[in-house]
Amino acid sequence: MAVVTMTKALNDALRAALEHDPKVLILGEDIGRLGGVFRVTDGLQKDFGEKRVLDTPLAESGIVGAAVGLAMRGFRPVCEIQFDGFVYPAFDQISSQLAKLHYRSQGRLRMPVVVRVPFGGGIGAVEHHSESPESLFAHVPGLKVVACASPSDAHWMLRQAIACDDPVMFFEPKRRYWEKGEVAADPEPLFASRVARTGSTATLACYGPMVKTCLDAAAAAEPDGHDLEVIDLRTLSPLDLGPVFESVRRTGRLVVVSEAPSEVSVAAEVAARVQEECFHSLEAPVLRVTGFNTPYPPSRVEDYFLPDLDRVLDAVDRAMAW
Amino acid sequence: MSVHSDRSGHDAPGQGASPPVAEAPAPDLAATQPRAERSPDDGAGLVQLLNPEGERVPDARFGDLVADVDTDALAGLYRDMALVRRVDREATTLQRQGELGLWAPLLGQEAAQVGAGRALAVRDMAFPSYREHGVAWCRGIDPTALLGLFRGTDNGSWDPLATRFHLYTIVIGNQCLNAVGYAMGQRFEGRVGGGPASADEATMCFFGDGATSQGDVHEAFVWAAVYDAPVVFYCQNNQWAISAPTAQQTRVPLYRRAHGYGFPGIRVDGNDVLACLAVSRWALDECRSGNGPVLIEAFTYRMDAHTTSDDPTRYRLTGELEVWKLRDPLERVRVHLVRSHGLGQEYFDGVEAEADALAARLRAACLDLPTPGPERIFSDVYVEPSPPLEAEREAFLAYLGSSDSLEKAGE
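Top to bottom, those sequences are chains X and C. First residue of the first sequence: 1, per this note's numbering; consecutive thereafter. First residue of the second sequence: 1, per this note's numbering; consecutive thereafter.
Honestly, the hints are just simulated from the structure, not real lab data. Where is the CB? At the ideal position from N, CA and C, for every residue including glycine. Careful: at least some of the hints might be erroneous.
[Said to hold, decoys possible] Cβ-Cβ distance ranges computed for the label pairs, FRET-style: (1) 192(X) - 244(C): 47 to 57 Å; (2) 244(C) - 139(X): 48 to 58 Å; (3) 252(C) - 57(X): 16 to 26 Å; (4) 57(X) - 142(C): 52 to 62 Å; (5) 375(C) - 223(X): 49 to 59 Å; (6) 141(X) - 142(C): 29 to 39 Å; (7) 293(X) - 323(C): 53 to 63 Å.
Chain C with its partners taken away, still in its complex shape (with noise of 0.2 Å):
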């Protein structure tokens, strides 16, 4: 088992305290080779349910915590990760033909994203980073609304406090501080450690391997740490952040980093939806009860570019690929509904149909998506008016109307 369950001040039995320098071991001569010759991170330690062949993984500490996903349960995480799936590509479709600027495609990462999502209660808030297409759909925002921060229409069209989805934050690693903040409102306001029958609350926050880096998501280990923020840190290591691999980020697998802030972190197989779900679920209980922040590391892959305007054949080989689509998210739930389940062939059509009509939806409603006027640009800066704006505002506006502007327009 990877969980490192000791907390600051109560180290696990068998690890003890720290020795003095002078007896500390020395250091890991793996970690001290030129990062060339490490050997890459393997995934090992990772907690698993389903195993890429489609078999159930006992699992003592974590099979409970599923045991009420029955067929239509399972079934329905199923059809979650294949509309999630359908909409990653549609909306990657849309944009090679040019109908949307840039698009930032899940795929591989349907598991991790709908594990998560579908661990969350309403009551929850989640903070994404621009890649949680999956765990938008989970809070139940309709993947239509995703597609004007990349078609250049709005920056997030969705009610951020009504649907507890934060608008995507695409500078790296900023959203993990707003959600220690948020989470320590939540704390403040009594809605950690109630017991059960309470309305208690926790906080996710979405971030990649990436970010690990960035200074934001150190202070907000350290800021949750402090303020027993009830915040689930969920990264998704999806092995590349653009072309840097992960061994530019890390000497240690990620989920241990956390050690060292004094929180639990733990590894989970980022393809499995059912252990994504269960570990998800025990993290959010341990925040809401008032034992959290936890680190979640979802370890996955990212199976397409960056972006659309990334050409990841310039930095990693197609065997890497390879390998990993044999770990599919979605195939081998399919195959465990099959074998285990006795799911037949029309349930797999009936979404095979949903999934083709959500998409010819996307595509309509992207087409239709419509574009703001120029007024946008001074709308919403402030929320008192700013006299100057007011003016330059007024003066554009004018411009546009004038046989300048219109002059302009036609030639």
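The shape of chain X in the complex, shown without the other chains (with noise of 0.2 Å):
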């Protein structure tokens, strides 16, 4: 298939997505005439009309809120959040409604809803704009987390969070939104982690924006003799480790990549998950190369925040030291 943009990817499959069910339904802040601020929704609204794409009150409860309401009639609804730090308004009706109307209703009520969340930093912009608030998610019983790092990824897993019938929190890494990739012709399956590149002497688990950061990374360690195996979680809830164990027990060192703060984080749980499952493979402790347990910094300096192909390699050479 063609050689698109992530955003273009994720156009089509949006656009794909209306095409084959009446019931999707297109929510969210300037998604329309604009064509949303990353023009993920370029177009659609000109082609399937303000009933099916609708530019929303400025209301991110509201978004989610009325897509709870609307999947109970019937509709898939697929909410757009414009940036990562303005999804805490809804994080009411997320956690209080979305993921639990399925358990509250003993399985009557479905939601299948898909909230759509631009995250990572990276892009020098300004504060709440840079957030990776997906470990907060990953942390509600009821919610499907998911971060996609490719353009092919980031369309098929699109489709079929929209064909899922649980609430997907889809998290997009928004600097990575221009990079362009091939969109395979077939999907992988959703709510699996995938090798990204095969490798024996450690293991690097990441996702979203780190999957590029890992890859190079493991490029740039080649000539020093490391052969780094790099693990694309994909899924973040529910987490799909046999890739991750079955990599660590041939490697035995593990480090985890994420630009979320580490403290009670995906990554955390990463951890404690392998150590359970690979104790005995293990030649190290699992380390982790996160941000910083702060609030996003000014962008000035986000490059010291943000884990890179130096902080990625340096906690590599620290495992094989071990």
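Build the complex: two chains, separate frames, hints provided.
Here it is, written out as structure tokens:
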């Protein structure tokens, strides 16, 4: 298939979903005429009308709260939250209603709702536009949480998330929006992690924007004799750690990489599970390379905050030297 | 008449456009006084069709909307309220006896709920908060189905789609946005404005005076207005949000807030079942015909505690309760049925006997509610199974079956 940017791959996915199912609706701020601040929804309102692609009031709780009611009525709403830092007003509706209604109703109500959130830093943005809140949502039972890393995954994972009968938080690495890649002809399973690069000396587990960082690190480490395996987690809830366990049993070393602060995070959960399952295979403690446990910093210093190739390889060196 | 019928862009006669700031009137002094010194809202401007003395009040606008309510129908409304009150009292007793963990009493709000509930058509949708036992009754939900939530055996056992009555929503105000979304769906599906012979639908959303301070209720008003959603916002102003009086939530009477959002707001005597029925019928028809949304403020009083965990004597005076006892929603209907419809005592005795039987059935059903097994903890979290959760479930059930667990249970 074609080589496209991630935004185009997402746009194509939304278009396909709108064409495939008349119950699919898209809701968000500035997504109609403007096409979204990142142009992910470009042209969709023009082609599908204002009742399918809704420019909403500026109210995130409203977006998700209305989506819950629309889902009860049989619709499949796809919500766009404009930036990661603006998702918090919707947290109540997401955690109290969206995540729990299937459970509370003993399965009578389904919430086939997707909440798309552009996340992560690295674009020089002002505050509240560069955050990585995915761990907050992975901590909420009833939600499924995924993060895409490539145009192909962006396309197929979004189509699969829309087809899923559970609510899905869909995190898009905004600094990778403009990078191009080929969209595969067929999808991989949605809730499955994937070996992005095979290797034998140590394992890197990552997701979203850090997948490219880790692949770059693995390429840079090759001349030093490191053969790093890179696993794109893809699904953060439920975690699919089978490939990680299998990899760590071979390499004996794991570094988990994410932009989110390390404490009580997805990365922390991966580390905990790996020591439970692979205790006797580990040659070194599981290490984490993450953003710091601070608010996201002013963008002029974000390059220090964001895990980069050097920090990843420094952790690999520490794991190897253990 | 207290109806603000003007909609955005169409100011009502005599109201005109807002003056420029320089010419704007001075602020209302009463509104700028310290909160404690403001005179309490006395419910001025409400629609009333049956006064506390049991006398019909003529009303040119709403009287006709209940012209079909004959002796049998009015007796039926009385029966609804009496049975619902009895359910409420029995459930309160069950809580006191340790059979329910909690109960949220509706005492005093029977007319507000039965009037609205009986105005709903089967095809309409209702979104309750957690006190709408009277609306549930009108939706055909057996009162025994309400108990599981409060006994801790389930989170609401009825089918929200089949009964067109959503599960109770405990997080204050959440359901208002969900109701608006549902109503938007009704509109998108073309079930609004089709004319009287059609199967047009509306949604009714129940919440209290306390909820009006929540951001979700504000957003719900905004969204409903922007999308012309066929939703009736039915606010039961029972004067108290646990210990906070309505003055703690608002400077203006709540129904007047609708004006600012661009849709009609109306205040009704929430202790007058006929007025609640009439105003709800009007509002639902407005919504079904495409003129939604509408805000109704049912001005009523919470005669009992917020929940059985609450002690209202710590924050309100008994004198207030005595005043509202004189406005009892059942007594005025009983008096009217006796004096103006010639209904005999045998009817009320019959309702009393029926209430006794219902209370006995409720009690028996409560004690018989099955406690779910530990597997319930893990069921229906997801539609599509989550492997880690399945593993957690299997591990715990295996642990329960093991001797370790049995020893613990025996200790």
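Outcome of the hint check:
Here the CB-CB span from residue 192(X) to residue 244(C) is close to 50 Å, well matched to the stated 47 to 57 Å. A C-beta distance of roughly 32 Å is found between residue 244(C) and residue 139(X), which places it outside the suggested range of 48 to 58 Å. The hint said 16 to 26 Å for the Cβ distance between residue 252(C) and residue 57(X), and at roughly 22 Å that hint holds. For the pair residue 57(X) and residue 142(C), the beta carbons lie near 39 Å from each other, so the given range of 52 to 62 Å is not met.
Hint check: residue 375(C) to residue 223(X), Cβ distance near 55 Å, so the stated range 49 to 59 Å holds. At about 30 Å, the beta-carbon gap between residue 141(X) and residue 142(C) stays in the expected band of 29 to 39 Å. Roughly 57 Å separates the CB atoms of residue 293(X) and residue 323(C), a value that falls within the hinted 53 to 63 Å.
Checked against the numbered hints above, the structure breaks hints 2 and 4 and satisfies the rest.
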